[in-house]
Amino acid sequence: MDLSLRAVTHRYGDLEVLRGIDLTIRAGEVVCVIGPSGCGKSTLLRLLGGLERPSEGRVLQVGEPPPGSLNPLTYVFQDFALLPWRTAAGNVALALEDRPCSRAERREIVAEVLARTKLSEFADVLPRQLSGGMRQRVAIARALAVRPACLLLDEPLSALDSQTRELLLDDLLELWLRERFTACYVTHNLSEAVRLGHRIVVLSRRPGRIREIVEIDMPLEARKDGLAELQEQQRRLWELLREEAAAADRELADA
Amino acid sequence: MPEGAGPEPGEPGASAAGDGRPVAEVPFRGGGFAPAPRRGVGPLLFAGLILLWEAGARLGWIGPLVLPAPSEVAGAFVRLVESGQLWLHLAASLQRLLLGWTAGTLLGLLFGLAAGLFSLGRAGIVPLVAAIFPIPKIALLPLFIVWFGIGEESKVATILFGTFFPTVIAVYGGVDNVDRGLIRMGQSFGLPWLSIVRKIVLPGALPAILSGFRISAAIAIILLVAAEMIGAEYGVGAYILLAGNLMATDQLVAGVAILSAMGLTVSWLLGRAERHFLKWRL
Ligand SMILES: Nc1ncnc2c1ncn2[C@@H]1O[C@H](COP(=O)(O)OP(=O)(O)OP(=O)(O)O)[C@@H](O)[C@H]1O
Ligand SMILES: [Mg+2]
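These protein sequence lines are chains H and F, in that order. The working numbering puts the first residue of the first sequence at 1, with every later residue one more than the last. The working numbering puts the first residue of the second sequence at 1, with every later residue one more than the last.
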């Protein structure tokens, strides 16, 4: 299943946030979205997942979601969005409770995704007892439990310290190699973008337009931290972003 | 800098460094602003105050007409127990409290949720609550009597009205404060509306709802006396009013002490409930 934005413009009241966005996320690819803060990246993601209706243009699902997908468009949030009163297993189960699956099936799925995210021993632990990295793992497990056709990740690693971020990034890579999921990955972090993205969409400052789409041919499994080629890509992206970011920074300060 | 206050010279932390510069402990400035539970302080304070009061009465500082001594109050209480009337009074009052508070709370939950979840509900309910909440329900007693008669209904209605409004305010405030991100999350996983309310909104609002219960329970007890002004034969409030009319101050204070004990019990019960339901917050 592809996900497609056609001439999407979005406004909050008088504030134009996105302008004329045309973008297709093809099945099996990871599209990273970068751009200066406040340029509408999160808004773009909310549009993609149907949490927001575009002011103009259309958001389309092209093709059928794979059979067995319970929640085709599934988010992973920056702040994890875990229910603090539910255990790790309970949080994962939340996504399944209103689905037509039996209690036993549900328990099986929960156990399986917790195992896949290396969380089995933390099943009965409340979020406040978990570290940030563990919490985001729970959120990822919850997302996997509903067998998404497309994962929508809004800066999933931004709330974590850099070591945890590195570990979780490796986990995400490994996960993609195993499952080949489709994803739209919003990030501030250029090194995450070049490690994970098949294509990287660079947005301009608000109102966000697509400035450039950078394709990285290197297969994900070959990408290692600190590879010269990736660093070159990263430098080029930073060049693209630099002025926009500086201008956006001044804009916000004036507002 | 006072000399000789530090440890032996030569040890780390001595009052002068090797090169003669002064060395001092960094003054501690943290601490405070974090009250910790102190067991026994409450009961001790109570006991101390009662002792002081008793002593004051015995020594003649407090005239018997001004305030009866605690021992006299205790005497009145014992007579009340022995006559078997205590249980009649308590049963009547507790029944009214329970009925009025439960009904007021349930209705308050319903309207509070409506105000917290629906634009129209909010637009209608919030100004209404603002207009009616501050009216002393005692002022409406004659109306309640006209509407509900002089029996139990008007007494329960007084308590119901008194507890309804603070509950509405607590519930919709609590719903407002539920993390919007969690609600978005529920929607993004395709949870049905009712599940979002049941599994995300209500538990998220529970801390505020429970503190609302503390207030509404106190108001219910306050209104009990008012409600029992309406021709009640039995009830703690009726007992207090009768004692007041007869200037039997020892009985009056004994009745007031029973109300206090009710308040303490409710507060203790709610504390247990909070500890049970809000374990995840600690
Ligand atoms: N619900 C909303 N109502 C009004 N304005 C909004 C709303 N959500 C976002 N905005 C505004 O739209 C603009 C874009 O917001 P958005 O969150 O999409 O940016 P972003 O690129 O994700 O920023 P960041 O990098 O800080 O995450 C911002 O100026 C923000 O203030
Ligand atoms: Mg954002």
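Calculated from the structure, these hints are not laboratory results. Hints may contain errors.
[Stated by the list, open to error] Only pairs whose alpha carbons sit at most 16 Å apart, straight line, appear in this in silico EDC-like list of lysine to aspartate or glutamate:
(1) H/K224 x H/E166
(2) F/K279 x H/D171
(3) F/K199 x H/D98
(4) H/K118 x H/D171
(5) H/K224 x H/D171
(6) F/K199 x H/E97
inquiry  = Against the 16 Å threshold, does the CA-CA distance of F/K199 and H/E97 hold or violate the hint?
reply    = holds (11 Å)
key: Hint consistency between H/K224 and H/E166 [alpha-carbon to alpha-carbon, up to 16 Å]   = The hint holds at about 11 Å.
request  = Below or equal to 16 Å on CA atoms is what counts here, so check F/K279 against H/D171.
outcome  = Not satisfied, since the Cα-Cα distance of roughly 32 Å exceeds 16 Å.
Pair hint outcome, H/K118 versus H/D171 [Cα-Cα no greater than 16 Å] = holds (10 Å)
query = Given the hinted pair H/K224 and H/D171, is their alpha-carbon gap at most 16 Å?
reply = Holds - the C-alpha atoms of H/D171 and H/K224 are around 13 Å apart, at most 16 Å.
inquiry  = Just to be careful, I want the Cα atoms of F/K199 and H/D98 compared with a cutoff of 16 Å; is the pair within it?
reply    = holds (11 Å)
Of the numbered hints given earlier, the model fails hint 2 alone.
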